[in-house]
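The listed protein sequences correspond, in order, to chains A and B. Residues are numbered in this note's numbering as their position in the first sequence, beginning at 1, plus a constant of 45. Residues are numbered in this note's numbering as their position in the second sequence, beginning at 1, plus a constant of 110.
Everything labelled a hint here was simulated from the structure, so no lab data went into it. Quantities reported herein were computed from a predicted structural model and do not represent experimental measurements. Heads up, some of the hints might be wrong.
[As the list claims (entries may be wrong)] Per the computed footprint, the stretches of chain A lying under chain B, defined by three or more beta-carbons under 8 Å from a beta-carbon of chain B, are: (1) 120-127; (2) 176-190.
[Unchecked claim] Derived coverage of chain A by chain B (criterion: at least 3 residues anywhere in the stretch with Cβ under 8 Å from a Cβ of chain B; other residues may be distant): (3) 53-59; (4) 62-76; (5) 94-104; (6) 131-137; (7) 155-166.
No residue lacks a Cβ here, since even glycine has one placed at the ideal position from N, Cα and C.
Residues per chain, in single letters:
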Amino acid sequence: MTTGDVLSAPHRLSYPYRRSVGPVLGRFLTGLREARIEGVRARDGRVLVPPQEHDPATAEALDEWVPVGPGGVVVSWAWIAAPLPGQPLERPFAWALVRLDGADTALLHALDTGDPEQVRTGMRVTVRWRPERTGDIRDIECFVPEQPPVKRIDTPIALDYRYTPGLATSRFLRALAEGRVVGERCPACGKVYVPPRGSCPTDAVPTAEEVQLPDRGVVTTFCVVNVPMSEHAIEMPYVAASILLDGADIAFQHLLRGVPADQVRIGMRVRAEWRPRPEWGPTLESIACFRPEAG
Amino acid sequence: MRDVAVVAFAQAPPVRREERRNEVEMLMPVVREALDACGLRREDVGFFVSGSSDYLTGTPFMFVQALDAIGAWPPVQESHLEMDGAWALYEAWVRLQHGDIDTALVYAFGRSSPGRPRELLALQLDPYLVAPLRPDTISLAALQARMLLDAGLATEADLAAVAARSRGGTADVEALLAEPYLVSPLRRHDCPPITDGAAVAVLAAGERAAALRERPAWIAGIDHRIEPQALGLRALETSPSTALAARHAGAFDAPVDLVELHAPFSHQELILRSALRLDGHVAVNPSGGALVANPLMVAGLARIGEAAARVMSGRARRAVAHATSGPCLQQNLVCVLEAREA
Numbered sequence: 046m047t048t049g050d051v052l053s054a055p056h057r058l059s060y061p062y063r064r065s066v067g068p069v070l071g072r073f074l075t076g077l078r079e080a081r082i083e084g085v086r087a088r089d090g091r092v093l094v095p096p097q098e099h100d101p102a103t104a105e106a107l108d109e110w111v112p113v114g115p116g117g118v119v120v121s122w123a124w125i126a127a128p129l130p131g132q133p134l135e136r137p138f139a140w141a142l143v144r145l146d147g148a149d150t151a152l153l154h155a156l157d158t159g160d161p162e163q164v165r166t167g168m169r170v171t172v173r174w175r176p177e178r179t180g181d182i183r184d185i186e187c188f189v190p191e192q193p194p195v196k197r198i199d200t201p202i203a204l205d206y207r208y209t210p211g212l213a214t215s216r217f218l219r220a221l222a223e224g225r226v227v228g229e230r231c232p233a234c235g236k237v238y239v240p241p242r243g244s245c246p247t248d249a250v251p252t253a254e255e256v257q258l259p260d261r262g263v264v265t266t267f268c269v270v271n272v273p274m275s276e277h278a279i280e281m282p283y284v285a286a287s288i289l290l291d292g293a294d295i296a297f298q299h300l301l302r303g304v305p306a307d308q309v310r311i312g313m314r315v316r317a318e319w320r321p322r323p324e325w326g327p328t329l330e331s332i333a334c335f336r337p338e339a340g
Numbered sequence: 111m112r113d114v115a116v117v118a119f120a121q122a123p124p125v126r127r128e129e130r131r132n133e134v135e136m137l138m139p140v141v142r143e144a145l146d147a148c149g150l151r152r153e154d155v156g157f158f159v160s161g162s163s164d165y166l167t168g169t170p171f172m173f174v175q176a177l178d179a180i181g182a183w184p185p186v187q188e189s190h191l192e193m194d195g196a197w198a199l200y201e202a203w204v205r206l207q208h209g210d211i212d213t214a215l216v217y218a219f220g221r222s223s224p225g226r227p228r229e230l231l232a233l234q235l236d237p238y239l240v241a242p243l244r245p246d247t248i249s250l251a252a253l254q255a256r257m258l259l260d261a262g263l264a265t266e267a268d269l270a271a272v273a274a275r276s277r278g279g280t281a282d283v284e285a286l287l288a289e290p291y292l293v294s295p296l297r298r299h300d301c302p303p304i305t306d307g308a309a310v311a312v313l314a315a316g317e318r319a320a321a322l323r324e325r326p327a328w329i330a331g332i333d334h335r336i337e338p339q340a341l342g343l344r345a346l347e348t349s350p351s352t353a354l355a356a357r358h359a360g361a362f363d364a365p366v367d368l369v370e371l372h373a374p375f376s377h378q379e380l381i382l383r384s385a386l387r388l389d390g391h392v393a394v395n396p397s398g399g400a401l402v403a404n405p406l407m408v409a410g411l412a413r414i415g416e417a418a419a420r421v422m423s424g425r426a427r428r429a430v431a432h433a434t435s436g437p438c439l440q441q442n443l444v445c446v447l448e449a450r451e452a
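Bound-form chain B, shown alone (with noise of 0.2 Å):
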């Protein structure tokens, strides 16, 4: 395997309403400013990959449009994955390892705010015996929610916990469980907020990482995998392929001091706690995760940003980023993250 790092992160501020600039007018000064933090010519990057859904906005090949975003004449080396950036990092990760090209650059971008996410998501399930019935997001978190709370592993309390902790701990957990619900038993608090927003990491492998920057966030290990699709086939409240994506990343491997989680419903934070094993030691989402930013298509590519930047600059030694896909964590990706000795 040849080494790859994340040598740069930058990031949109995540807004819930971006209604000025479009999608290649919000990614533009990303893609410079995290081509800059590593000093990397856009002409010098070895390849392109992007993950966004056109369906968020009902825009057909918006992801191409994207492109002018990087500037594609000459010609690039480009893919894009209708998925998370994260995915988009993990095919940028595969695609240095060929050893034909050194860098890599990876962004995502979402505009949630034009459409309504909640229900437009339930088009990514089962089209024959789910989509059908239009379950919204909110609720399949919630049917996820009430196992998680009728295995007697989490509390109400502890869902309002998550969401306090969150906001930097400036609500009251009694205050807000006197809300009323949402879709029973999530409230407001429980739930993301509609986000926009976007992002771009910088992957180069080997002696250009080391070329490219002081401390890169080495990519210990990466992987990812998926439930069966159908829903009612599983305990919902535990996340077996978080479990298995962590092992074959080396998440267990030793001991980390940063974890940036990808849940954007309150419960899925103590689920995905407990798939990776985590004890109370740990710094967890610094950043705030996406209960208070939720970019879709983004969030889980600055999961892996976050926990990288804070390992560049010497905040983090050994890091662990997650990204997750689906309503019910469906789908989860996982990241090591790592800086070492010169």
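Okay, chain A solo, but in the shape it has when bound (with noise of 0.2 Å):
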């Protein structure tokens, strides 16, 4: 190959450098090894990490050994969004110089956050270890960020039932299957019930009476959720509001759809939305929701 009157061709160099690493690297890179870091205390008391042969200041040997690590705080950290040949990852990563806790100088390493915006002059950071160890720096993978303090814990219980709603409650279960909705009355007040649960709450006497009720009422009170509160998967946020039906004394809770949340009001008028008829069941999410009355 030539360029213009010169002749060009590719060079390599290339060295199968060994190294005799000494006491103090050799001790310092045995304990990479088994996944343990050690620095080396200066005459001036400062922990020196990576450790030093001989003191930066008075050049006495140096051989009083203090474990540190493995977490520690960047000192100075350079994004390297195209990293070179040989360098400790492949992918763009923060060279770092880190601060291991108990060493009061800082080693040179590579940092992995996946982001520049995650890195941070004094963020606290912690060794991945390479799970194959030789003996060498890079025995280090590379530092990452360190996880906070454990401050919360998740306790999930389950226990089982059978469960079972009664009488009264069966009979209001029942006819939300059939596409119907029905409260009981009180034979001593006279009010009615839904869903009803087998007594007046005021006269303590048994309902007795059932009542077909119409599936439509007036909103009676509502409140506007931002907040998950279960594992159904309901578009945030919705509403839920007091339903009283047409002819019932007390009224209960459901969804309330087709209308913006900033548009309820108390006393709106709302109908119920029944799911398909395959889906009815004894269950109140026979109902889909309620929507405002249409005019």
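Got two chains here, separate frames each, mind docking them using the hints?
In structure tokens form, the structure reads like this:
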């Protein structure tokens, strides 16, 4: 190949360097192989990591070892968007000077955060060890952001029962499976309860008379829900309304749809929207929701 | 101490890629120009010393081949440093203190373009715990820049302003800041170009200097210092070794009217200005500095040569020249040059 009037050819220079590491670096590298990091104490009391063979100020030999890390603090960092061959990670990463816990000087290595926005001077990081270690600075695969201290645990519970709603509520639920809403009237005060519990809470007497109710009524109060409360996926925000059916004396709660949350008002007339008939069952969910009455 | 002066300086025009000429072909005309400038014959030079790195082109013993540029027969007194030519000049100054010779020729050459200098310079770092990670020059300089920014000593706009000034004021700071990061917080304009080049300085002692040049650039002081090698051992946003070398070289003893700083990265000029206690009045890098031309192994010697040339031409009376080595200003040399009344 030529470049103008001169010849040109690829050329690679390589040497298979093998280095004696001596007692200080040898101990440090042996520690890395065992997934621990040690620093050496200088004459002024500072703990040097990586260790130095001789004191930087007095040149005395150093041999007092101190365990450090694996957590530490970022002293400086530089984001390299296009890593070069042979660098610790092939994907973009931050070069970082990390002062390990217990050390007074910083170690150069890579920090893997995936994103420069996640890197800050002063952030806490910890070592990610390479699974197969040989006694090499690259036994530290890189640093990663340290997870914050544990402040919370999840302890979910689940208990199993057989639920029976009682006679009156069973009648109510069975009616729902047929596309009807029924309440029950108190023989003493005449109030109509829906859903019925089989008794009048005011008079403490059994309700007896079943009352067929329409599937329409008015909103007596409502709230706008912005926090997911159950695992049912309902799009936020939604409106939970208390609905008093025409002819009933007690309101019950259901989902209100078909109107923006900020346009719901007390007294609004609403009507049930039933699910398709095959989906009816002994449950309030036979009614999908209530919607404002047309007109 | 013997008084020693720079009596000639010449350099090849720095270029992005010198592909036609080899190192010897590049050097020969520069050696000739420097010798002619002071009227010295090649066979009268007492000592030759060079600064270069064989790693730049991957050619072992290139420094020996380069001797062909000065002609080493009959045998000459000669030395070589795997360092910037500024340190070769220091060795020449020391050699002239011996008193048995009166002249020395310092040459430096570097073709960075055949390799990938950003990557190969990682090999000059601690070979046990740092070089195996292959941290490139720009990334390490970026770590230093971040510490300067974090310390509140500069902003990214200050860095861009250095770059704009180095380019002769033709660049707009806002436009530079709109560019993407190369290695954050450094952008391309914060980093030096890859440059090929060569430079030659001739030194002479005492009366010989006065005889060779009407207005020699006398070396009033010269010193070099090095930081602890571990990068994490010091505050990278400062340069104590520069300040120390400057003090020992006498840089603070009298006012100077010119400073040539070897700052390959924009933020390093700010660090060096602080270490050298420069106020806004002194002229810094009228040559453009290493941000516009950074021939490795040459750029430091070129700072001394540029400063000396201005003293010799009468454009400056007392000048400070600085040279550095390492991506985070690890080693620094300061040379004070001055004119003297005849």
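To see whether the hints hold, each was checked on the structure:
Check result for the stretch 120-127 of chain A against chain B: holds, 7 residues qualifying (beta carbon to beta carbon below 8 Å, three or more required). Counting residues of the stretch 176-190 of chain A whose C-beta lies closer than 8 Å to any C-beta of chain B gives 3; at least three are required, and the coverage claim holds. With a cut-off of 8 Å between beta carbons, the stretch 53-59 of chain A has 4 residues touching chain B; three or more are needed, and the interface restraint holds. Beta-carbon proximity to chain B at under 8 Å applies to 6 residues in the stretch 62-76 of chain A; the threshold of 3 is reached and the given coverage holds.
Only residues whose C-beta sits within less than 8 Å of a C-beta in chain B count toward coverage, and the stretch 94-104 of chain A has 4 of them, enough to reach three; the restraint holds. Closer than 8 Å: that is the beta-carbon criterion, and the stretch 131-137 of chain A has 3 residues meeting it against chain B, so the requirement of 3 holds. Check result for the stretch 155-166 of chain A against chain B: holds, 3 residues qualifying (beta carbon to beta carbon below 8 Å, three or more required).
Violated hints for the displayed structure: none, as all numbered hints are satisfied.
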